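As given, the protein sequences belong to chains A and B, one line each in that order. So in numbering that gives the first Met the number 0, the last spot in the first sequence is 169, and the numbers never skip. So in numbering that gives the first Met the number 0, the last spot in the second sequence is 178, and the numbers never skip.
By construction, these hints were calculated from the structure, which means they are not laboratory data. Check each hint, because a few of them may be wrong.
[Claimed, not checked] Listed below are the simulated BS3-like cross-link pairs for lysine-lysine, each with C-alpha atoms no more than 30 Å apart in a straight line:
#1 Lys90(A) / Lys110(B)
#2 Lys110(B) / Lys67(A)
#3 Lys88(A) / Lys110(B)
Keep in mind that this is a model prediction, so the values were computed, not measured.
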Amino acid sequence: MPRCSAFVTCLAALVGAAGLGLYVGAADAQLKLLPAEDAFRFSARALDSRTVEASFAIADGYYLYREKLAFSTPTPGAALGPVSLPSGKVKEDRFFGRVETYRGRVVVPLAVENAAPGLEVTLRADSQGCADAGVCYPPNAQSITLTLPQPGGPPGPLIDATPPRKRWFN
Amino acid sequence: MTESSPRRARWLVPGVAAVVALALGVFAFLQLPSPSPGARDAAPLLGVSLPDTEGQTQSLAQWRGRLLIVNFWATWCAPCREEMPMFARAQALHGDRGLQFVGIAVDEGPKVRQFAAEIGLNYPALIGGYGAMELSKTLGNSMMALPFTVVIDRKGSIVLTQLGPLTPAQVDRLVAEFI
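Chain A with its partners taken away, still in its complex shape (with noise of 0.2 Å):
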């Protein structure tokens, strides 16, 4: 019996190593990547009655343009005031010259004007970014809607784009 347990152990630990190898070896052939929503997550909240903060959360191996990120908002009656975008790392493309992308995380705030607290604002976000592994995502919008605080209320909770779906093993 002992040694049948060994053999079975042996056997086992065979057969796993070799499904482990097969599933390692066939992820690098198969340039597993994220779907956009998930390497560029778009999160925003309100700051105070008159301010929202926008981020990206950028996964490790992904970039975003800074010269193809925007905001703007489509709620009648507001506006948004002059973006300021942090710089980015600057890169030597060959055919678009000096180009500054972003990697890990952004945050820009923005000012809304003529907006009356506690209304709904709609806060849209147009990026374009690629993955290291050698490929591009097409232009992208998303939209979040936020309510402004009341002037010296709480700041607003933090809202996603796409809630972050329940994963296993990836």
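Given chain A's structure and the hints, the job is docking chain B onto it.
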């Protein structure tokens, strides 16, 4: 019976390890992309017609019988722009032996025309707009990212779909195997 407890204890660690290893192996195997169901018929793709940079409608069916490399690309996609000069070189080298590249741009006409002129593109650049991205999705581009390439052999079967750039070695292998 007096020996059963230590023996059981001795088996416990390897036993648990075995079960875990087997479970991991089976799980990993099940996670593998399902093996390609063999060559797929390219008829739906060959039935597509799109305007070229001159505004002339071009049907992909006209290149049936050649080794057809259909490359979905866009000017906003740096890896796409980087691989295209290599495609143009392969087209010049093997075009008369039956190799045919066709670019389908997920883009606007003027930008495509400008870029094609810039790099002296020597194969057709068809303008597909955003609808081309949907077309690529039906061919397996579930991430809707670019570049995405579909290779159709002379008999009209899809022999490769790939998200991400092709290497020069891959193009050489395709030429060697399918021309």
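Exercise for the section: Kindly indicate which numbered hints from before are broken by the structure, ordering the numbers from low to high. Expected result: Hint check: nothing fails, all pass.
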